[in-house]
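If you're matching positions, the sequence shown starts at 7 in our numbering and goes up one per residue.
FYI, nobody ran anything at the bench for these hints, they're computed from the structure. Quick caveat, the model's predicted, so the values are computed rather than measured. Just so you know, even glycine gets a beta-carbon here, dropped at the ideal spot from N, CA and C. Only true hints are included.
Okay, the calculated beta carbon distance ranges per label pair:
(1) R202 - N58: 37 to 47 Å
(2) I96 - Q240: 24 to 34 Å
(3) F97 - M125: 15 to 25 Å
(4) A141 - N75: 26 to 36 Å
(5) T248 - M125: 32 to 42 Å
(6) E137 - L178: 43 to 53 Å
(7) L220 - N113: 34 to 44 Å
(8) S188 - H21: 39 to 49 Å
(9) Q240 - D185: 54 to 64 Å
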Amino acid sequence: MSRASQSPVRSIAAHAILILYTLIALFPVVIIIINSFKTKAAIFRSPLSLPNSETFSLVGYQTVMTQGNFFLYFQNSMIVTVVAIALVLIFGAMAAFALSEYRFRGNTLMGLYLALGIMIPIRLGTVSILELMVASGLVNTLTSLILVYTAQGLPLAIFILSEFMGQVSKDLKDAGRMDGLSEYRIFFRLVLPLIRPAMATVAVFTMIPIWNDLWFPLILAPSEETKTVTLGAQMFIGQYVTNWNAVLAALSLAILPVLILYFIFSRQLIRGITAGAVK
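Make a model of the complete structure from these sequences and hints.
Structure below.
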């Protein structure tokens with residue numbers, strides 16, 4: 007078989023694998039959303055079927071809106087996620103620019119040190135983090151979550167962005183310096199616009215673990231005023247009785263921001279992921 011004839015076959019096989027992976031990944035999401043519009047009996051009787059006139063019910067969404075304070079939980083999650091992503095992007099981009107642009111003693115060692123943050127889970131330091139937050143008086147505040155998530159997202163952000171920073175033309179930056187631009191203006195006006203795909207990639211990869219996290223909200227901010235969406239959904243799960251309609255409805259509402267963010271940055275995200283694949 008010639009190379010020309012192999013190319014379409016490989017393309018079809020690659021697309022088939024990606025489509026299959028997408029279906030497998032989206033299957034749990036679709037099941038959650040479908041069952042959130044069904045009665046409790048229908049959820050257990052036929053979880054894979056679509057809701058009809060007999061099984062359709064909004065009792066789960068009504069429960070979520072009337073019990074607890076879901077809008078407050080949603081607001082807390084939005085504040086923590088947006089602020090943490092903004093801090094990760096700005097500080098991560100600055101650090102990546104410094105590591106890729108300037109050569110100094112300990113440059114490589116600093117890169118390896120930051121890489122350890124990717125390999126070592128931040129949850130291993132939960133006890134120390136909790137002690138630090140207690141000593142700082144930040145327990146049951148959104149600030150504690152923002153600080154932890156910023157520290158959690160910075161290593162991966164620096165690792166990704168530094169690779170893209172290295173691909174920015176050196177001649178472009180030198181031309182900016184010859185025109186009298188400061189390093190800050192070169193960073194904000196010349197470099198950042200060229201790495202938007204990488205920034206979108208970092209934003210998505212940072213948002214998902216923050217938005218879905220239950221560990222740190224449960225430990226650092228469990229009060230009613232600082233609960234996040236994932237922690238608020240736990241109020242419908244009991245030791246003996248679980249309101250599955252409300253749980254599925256809360257999870258369906260919690261999925262929306264992630265989907266919206268993906269659709270907004272999907273083009274930039276794909277460009278960022280594939281940028282290094284084709285030279």
